[in-house]
Amino acid sequence: MRKPIYLTLATSGLLALAACASNGGGTASSGPVGIVQIAAYTGDQAFEAQFSDSIDFPALYAVNHAGGILGRKVSLIQVDTRSDPADALAAMGKTLATSSNVAAILGPDSTSAATLVPLLNTHHQPMMISAGEAAYDRSSYAYLWRDVPPDPANGEAIALWAKRQGYASVATVFGTDTGSQGDLPGVVAGVKAVGIKLADQENLTPDQPSYRAAVERLLAAKPAAIITESDGPTAATFFGELRQLGSLVPIIGTSGTPSDSYFTPMRGAIGSANFNKYFRAVVVGNPVTSLAVKAFNASVLATAAKLSKPVTQWENNSFSESGYDAMITLALAMDAAHSTAGTVYNSYIAQVTAPGPGKQVVYTYAAGKAALAAGHKIQYIGAAGPLLFNKYHNSFGSQAVEEFPANAPAVVVGTITQAQVQALGG
Amino acid sequence: MLIIQAIGFGVITAALIAIGAMGFTVQFGLTNVLNISYAGAMTVGAFATFIAEELHLALVLGVLLAPLAAAAVTLVLGRTLFAFYARRGAGLFEMVMVTLAVNLILQFGIDAASHEQIYRFAFPQGASLHVGPFTFTVTQLALVAVAAGVFASLEFLLRRTRLGKALRAMAVEPRLARTCGIPTAKIVNVVWLLSGALAGLAGLAYVINALTIDASVGTNFLPLVLAAAILGKAGSTRGAVLAALALGVVTEEVAAVGGAAYSTVAGFGILAIVLLTRPAALAGQATGKVEVTV
Amino acid sequence: MSFYISTLLVYFFVDVLLAWALNLQFGWGGIPNFALIMFQAVGAYAAAVVSLGPDTGAGAFQRYVFGSDLPFPVPLLVATAAGGILALVVGMFALRRIRRDYQAAILLIVSLIAIQVVSNLVGLLNGSNGLTGVPKPLSGVLAGLTYDGYQWVYAAWAGLIALGVYLLVARLGGSAWGRALRAVRDNEDAAATIGLNPMGLRMQAFVIGGMIAGLSGGLLVDFLSAWSPAAWGYAETFAVFTAIILGGVGNNWGVVLGTLLVQVIFLQVPTFAPQVGYTGLIDALEWVLIGGLWLLCLAIRPRGLIPERRRTVAPPPGVAATLTPGPAAAAPSQGVSQ
Amino acid sequence: MPGAVLEVRDVSVRFGGVVAVRNTSLELREKEVVGLIGPNGAGKSSLLGALGGQLPVAGGQVWLGGHDITTAPPHRRARLGLARTFQLASTFDGLTVYENLLVSAAAARGSRLRDSLAGGRERRARLAAAADMTWSRLHEFGMAGAANRYGSELSGGQRRLVEIMRCLMQSPRVVLLDEPMVGVAPRLVQRIQEECARIRDSGVSIIIVEHALEVVQAVCDRVVVMASGAVVAQATYAEAMSSGAVREAYFA
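Going down the list, the protein sequences come from chains A, B, C and D. 1 is the number of the first residue of the first sequence in our numbering; add one for each residue after it. 1 is the number of the first residue of the second sequence in our numbering; add one for each residue after it. 1 is the number of the first residue of the third sequence in our numbering; add one for each residue after it. 1 is the number of the first residue of the fourth sequence in our numbering; add one for each residue after it.
Hints are supplied without guarantee of correctness; some may be wrong.
[Said to hold, decoys possible] Computed footprint of chain A on chain B; a stretch qualifies when at least three of its residues, placed anywhere within it, have a C-beta under 8 Å from a C-beta of chain A:
1) 12-26
2) 113-119
[Claimed, not checked] Sample of chain A residues at the chain B side, in silico, Cβ under 10 Å:
3) F47
4) Q50
5) P206
6) Y211
Just so you know, the hints here were simulated from the structure itself, not pulled from any lab data. Positions of the beta carbon are idealized from the N, C-alpha and C atoms, including for glycine.
All chains, please: the whole structure from these sequences, using the hints.
Written out as structure tokens, the structure is:
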């Protein structure tokens, strides 16, 4: 919901108050370093909140546990988009105007990126966006960074996996809700590119009492596998009915599916055994279990109380890992630049992640901080793998195909490299 | 083939709508309060059962909780708030605004209490049965049975019992009824309870089928319920059921042919067509001579 | 700070436009437009698609109809027209001679269903993801400006439009047309017997209101460069209703005051309060408050803080002496105002 | 037919199955006051409704000065010179008395929207004329002092006066008065009778439905007696009252 704010005179009292403390992005040199997580905590996309939490709290723990940035603790500032760009703009504007210690931004997401990126860029706020839109593949915003592949990449990786499994025809089943649609164009394009028959395309209106009609259509099309993304309950209804009315086939979820809010309803609907047998997801990130992953999982467990249950869903969760890497990277850049001012440390973001001769490779914030303190140059390799930012500040990574045993971390069953994806995408 | 099966799906959807529409229309026909907060009552009912489930209470008990909770809420609202505004001479439209405000409060109150999360509602669906070309789960058939049962008992209540006669008399001529010594206050109470209970059932039925629950289920379900009640003509349970059937079947058919996205469009289309072709169904002085009797 | 205030200013003007539109339809026309926000939305979408450029097909990250890139300020005109046309269509059946409570319910249904339709027909307006990347008007011409500078120019532009619309509604309100409209509102039958066409007048008011709402939508989307179903939930309409009921239905300045109070006190100040409970708790409670405030208004001051102005008149010069009611006045006053 | 301003040719009005008015014919000549009388449920108000366009005509025709208005909507009939009042006095409660009259002024008709937006001198002139007319009516009826009162602030009698003044503002040819004396103070009853006479003299024809027979006797040139949906007599008051059919209708 947009909550417009009216005649400035009415709020100016409050604003003036805030203004006293306010002198722009992250230049306050004492007190905690503010890192903003801008996401939908309410509204249609409130489901984002649990994902952002699975990023923020472990990363925050890792940084503060190692003594914070430049000796200052890091504090998390949650800004709510209310799932609405207009609210996002007001909320973000208010935050920038009223808190002097904002040093970096995690987000914005797809919905509010178009509205917020220009604002944040003009305020020299380095932002690690989670919006997968192809629009940011070649952005010219100096302060915009992205360490997740664009939406099409994931779709194309899924198509490649389907090809590798030898499926002759596939069907797509996507929710029409926000966040479930982003990968669809990539999937469709990818499936065409690898030369698999697209037998049926179903778009599901979320939270309908039933999807019988769609199920019947899909059964009639007889696909060898189903590529899907939707919210958990919708998926449960659909696949539950698919099991009732016909038989299951392999199900490939996008990187948007892995989370317990998806798994639990699905297990409930098609049975845990079937779920383990048929469901795979192609997720962003590096399958290699590195020190970084260990550090991430440790941080997850350390902050378990703040995360949505069960915590196992976040361990090895590539989505969370990428976000976690984002915050660690930003923090290390600040350390390397000896400044929390975006104007200063922005250029260090690529530097602390790029490989290079004589660079010390680090997998945790603590190690990186120590190395920098010892005067070394560093390359941070994250839990989701190396971050190799191109000149557009984009870092793809390879993607992993995972299966999800109940109450246990995900298991990697295959990998699609960035090279393979780009070869396909052209 | 699909077309035929869609009829089966339509009947189930219709059953959901019918339960809600009957509860709405009985109350509306008698009190002339177009009660938007009916949506809130549906949500309350659904959540009552949901919580019972979470607490692992007996299924029967949980199912009973839905109508009970919703009926209680509705009665209290009707007797206190709505009665208050009616006494202050609120007109038909003013009452709509009141019930709407109440719905905002209910919906977002529950929203706040439920941490704005969407919860999974695991209600046993039972085995799936094949009846001719149709496929139903036991629970779905149960829902249809419930709808039919509600309809039958309402018809009996309204046409065969003294209460029903008094009720209908009151709906036509409230003042006269009062002077004839009909205990109008008591009857209004009964109607609030009845309508509330059905709201609870409807909300429960909706989430049973949707497998998911959040604070906005009532408001999401309201358009169909309201449409059915309005198309069926205020106060007519038969009308409500027929309208529900029409809405259910048509929307499912459209979904079968054109995809779920278009079913909502279809529902809207039906409403528009009826309004254009027989506005008499809704005729009446725009300024409203009908009086609120709460 | 400056960019923040300018943002708020733009929102303020946009919502005052909306409030005036509703005041015209509901305050003077007596039309309970529970679908108000839908008309802002159609304006926003219209302005967006005609400035986004042609849809580049399924590969593109968003899909929509009527894609084209018309120069500023054409999109705003399109938005206005879209609002008017939608009002015409909806008015066809929603304005029929039906009980006002039915009318309200039907408009509410229309609004609720419209949002579902837009969210689910993804090809239409990119579904619930909504449209993003709408180019900011004249950003080329005004390239020289800083981000803040542009914001202030835009706020001024919005203010200018608001002023224009104020002049329009003020004139309409005081005119013979406004009088006729209010007559229809008070008593449809009697209005008809003095030669007024109730359906016609209502439709005119509904369409003009729709156009103003559409314009506000265009203004907003140009500023935000993004628009999605989340921006026009049904509760938005009731924020505006609360505003004008609190401020004073039928009074242009009353509704401005109401908008100010509702939006500032009940929707904004809480965001300055320290976080209570989980993130988002306050947002939900705000709407509970809105509901409560609404009930309060209806109970205490049904006419609002600045009620509709009594349009008093002074008798023409020379008849002042005769201004005493009763038969006595009749005879001498005969010849007077000839 | 010469002299007939309003002509009713065997009109019927139905409510569902019930026939409220059956094949009724009557005509109203210029400068004539006709009393429409009869027992309750005789169909008087239904007939008035059919003439005013509030009720659909099930059969027959209604002619107003050469125009067939059988199916015309109320506002078109009004523009052709037919004005009426209602059984329960219907003022515009949210408008002041002054506005109640001004809005009814025939002079201020035409496309209000266009005029209001882009009206020139000519429009201002019409409004000025309407304003003058309003004031003179207010004075005639001794209501000038109440010009700025809202309709909702008036007594029952005053509401009647406002209604009647509104009719006159339309410079009508025919006025239909539906029980104008109900809820009116005796003093005003007298006034309204005088007004009726004056209106008639100013060249307007009137049909008045009234229970108070003394009023009918006083103001009507002619009475039409209805019983159970049909006209049982058309004659002068005296004749009608002496007719058996009428007595039957009333007292049987």
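Evaluation of the provided hints:
Here's how the segment 12-26 of chain B fares: 3 of its residues keep a CB closer than 8 Å to some CB of chain A, so the rule of at least three is met and the hint holds. Counting residues of the segment 113-119 of chain B whose CB lies closer than 8 Å to any CB of chain A gives 3, which reaches the minimum of 3, so the coverage claim holds. Because the beta carbon of F47/A sits about 7 Å from the nearest beta carbon in chain B, less than 10 Å, this interface hint is met. A cut of 10 Å between beta carbons decides the hint on Q50/A: the least distance to chain B is about 9 Å, and the hint holds.
Among the interface hints, the one on P206/A holds; its C-beta lies about 9 Å from the nearest C-beta in chain B, closer than the 10 Å criterion. With a cut of 10 Å, the hint placing Y211/A at the interface with chain B holds, because the nearest CB-to-CB distance is about 7 Å.
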